[in-house]
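*Asks:* One letter stands for each residue in the lines below.
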Amino acid sequence: IAGITQAPTSQILAAGRRMTLRCTQDMRHNAMYWYRQDLGLGLRLIHYSNTAGTTGKGEVPDGYSVSRANTDDFPLTLASAVPSQTSVYFCASRPGLSSGANVLTFGAGSRLTVL
Amino acid sequence: GENVEQHPSTLSVQEGDSAVIKCTYSDSASNYFPWYKQELGKRPQLIIDIRSNVGEKKDQRIAVTLNKTAKHFSLHITETQPEDSAVYFCAARGVGTNAGKSTFGDGTTLTVKP
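These protein sequence lines are chains Y and P, in that order. 1 is the number of the first residue of the first sequence in my numbering; add one for each residue after it. 1 is the number of the first residue of the second sequence in my numbering; add one for each residue after it.
Be a bit skeptical, because a hint or two may be false.
Only pairs whose alpha carbons sit at most 30 Å apart, straight line, appear in this in silico DSS-like list of lysine-lysine [stated by the list, open to error]:
| # | chain 1 | residue 1 | chain 2 | residue 2 |
| --- | --- | --- | --- | --- |
| 1 | P | K37 | P | K57 |
| 2 | P | K71 | P | K37 |
| 3 | Y | K57 | P | K22 |
| 4 | P | K71 | P | K58 |
| 5 | P | K22 | P | K71 |
| 6 | P | K42 | P | K113 |
| 7 | P | K68 | Y | K57 |
| 8 | P | K42 | Y | K57 |
| 9 | P | K58 | Y | K57 |
| 10 | P | K22 | P | K42 |
| 11 | P | K113 | P | K68 |
| 12 | P | K71 | P | K57 |
| 13 | P | K68 | P | K57 |
| 14 | Y | K57 | P | K113 |
| 15 | P | K57 | P | K22 |
For the record, the hints were derived by calculation from the structure and aren't laboratory data. As the structure is a computational prediction, the values presented were derived from the model and not from experiment.
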């Protein structure tokens with residue numbers, strides 16, 4: 001089934017540890033995004049990639065890094081996790097940047113708890 | 001950057017009544033305004049969207065209106081049902097250097113009481 005796969009589904013992590021959240025899509029979408037969702041704060045953009053080989057910073061990029069080596073994969077890395085990074089992380093994608101490629105498709109989310 | 005404000009944060013209605021959720025945005029160049037529904041523990045899913053060259057769009061019980069001059073847009077749900085209970089998010093998508101990046105409102109928790 002076409003879509004976005006995120007892993008892990010849930011993770012508890014000690015502060016200071018490095019963590020990579022994986023995101024893979026099989027829809028050949030050019031643009032991919034990472035959002036974090038905190039209670040009462042909606043979805044906030046962490047990083048994005050408009051096409052393979054390019055990335056950009058969103059609203060809340062500090063403490064996170066991304067890479068886009070190919071079209072399908074867009075991993076999010078926390079180099080040294082802190083408790084404030086406890087959140088639900090959603091990966092999303094859309095076909096491209098043209099006005100006809102508007103709809104965001106979301107993954108199922110990764111719940112991360114940093115102790 | 002773009003700023004999106006959403007009201008109310010919570011909304012409780014009786015089954016069969018209408019529900020209205022409003023959003024305002026700051027960047028007059030934004031040109032795409034989607035609405036997402038998120039059920040508990042699930043991913044956000046698009047329910048309706050509108051582009052800046054359209055004033056209103058309907059899909060069965062759901063409608064969205066856009067006022068570009070005032071920079072606000074609203075979601076209208078008629079004949080609400082218990083399965084409409086969820087968190088609803090509005091978003092605005094930018095252009096230029098913000099092309100492709102959607103800014104979300106903080107969400108509205110809608111409860112439909114049977």
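*Asks:* Between the alpha carbons of K22/P and K71/P, is the straight-line distance 30 Å or under?
*Replies:* Given that 30 Å is the threshold and the Cα spacing comes to 11 Å, the pair holds.
*Asks:* For K113/P and K68/P, compute the direct alpha-carbon distance and say whether it is at most 30 Å.
*Replies:* Since the Cα atoms of K113/P and K68/P sit roughly 33 Å apart, the hinted pair is violated (cutoff 30 Å).
*Asks:* Does the alpha-carbon distance linking K71/P and K58/P stay inside the 30 Å limit?
*Replies:* Given that 30 Å is the threshold and the Cα spacing comes to 19 Å, the pair holds.
*Asks:* Is it true that the CA of K57/Y sits at most 30 Å from the CA of K113/P?
*Replies:* 41 Å, violated
*Asks:* Compare the distance between the alpha carbons of K57/P and K22/P with 30 Å, and conclude whether the hinted pair is satisfied.
*Replies:* 15 Å, holds
*Asks:* Run the distance test for K58/P versus K57/Y: straight-line Cα separation, threshold 30 Å.
*Replies:* 34 Å, violated
*Asks:* Would you check the hint for K42/P and K57/Y, treating anything up to 30 Å between C-alpha atoms as holding?
*Replies:* Answer holds: K42/P to K57/Y is near 26 Å, not above 30 Å.
*Asks:* Can you confirm whether the C-alpha distance between K68/P and K57/P stays at or below 30 Å?
*Replies:* This hinted pair holds, its Cα atoms lying about 14 Å apart.
*Asks:* Verify the proposed pairing of K71/P with K37/P, using a straight-line Cα cut of 30 Å.
*Replies:* With Cα atoms ~22 Å apart, K71/P and K37/P stay inside 30 Å; holds.
*Asks:* Within a Cα-Cα threshold of 30 Å, do K42/P and K113/P meet the stated pairing?
*Replies:* Holds. K42/P to K113/P sits at ~21 Å (cutoff 30 Å).
*Asks:* Quickly compare the C-alpha distance for K68/P and K57/Y to 30 Å and report which way the hint goes.
*Replies:* Answer holds: K68/P to K57/Y is near 28 Å, not above 30 Å.
*Asks:* Is K22/P within 30 Å of K42/P, Cα to Cα?
*Replies:* 23 Å, holds
Hints 9, 11, 14 from the earlier list are contradicted by this structure; the remaining hints agree with it.
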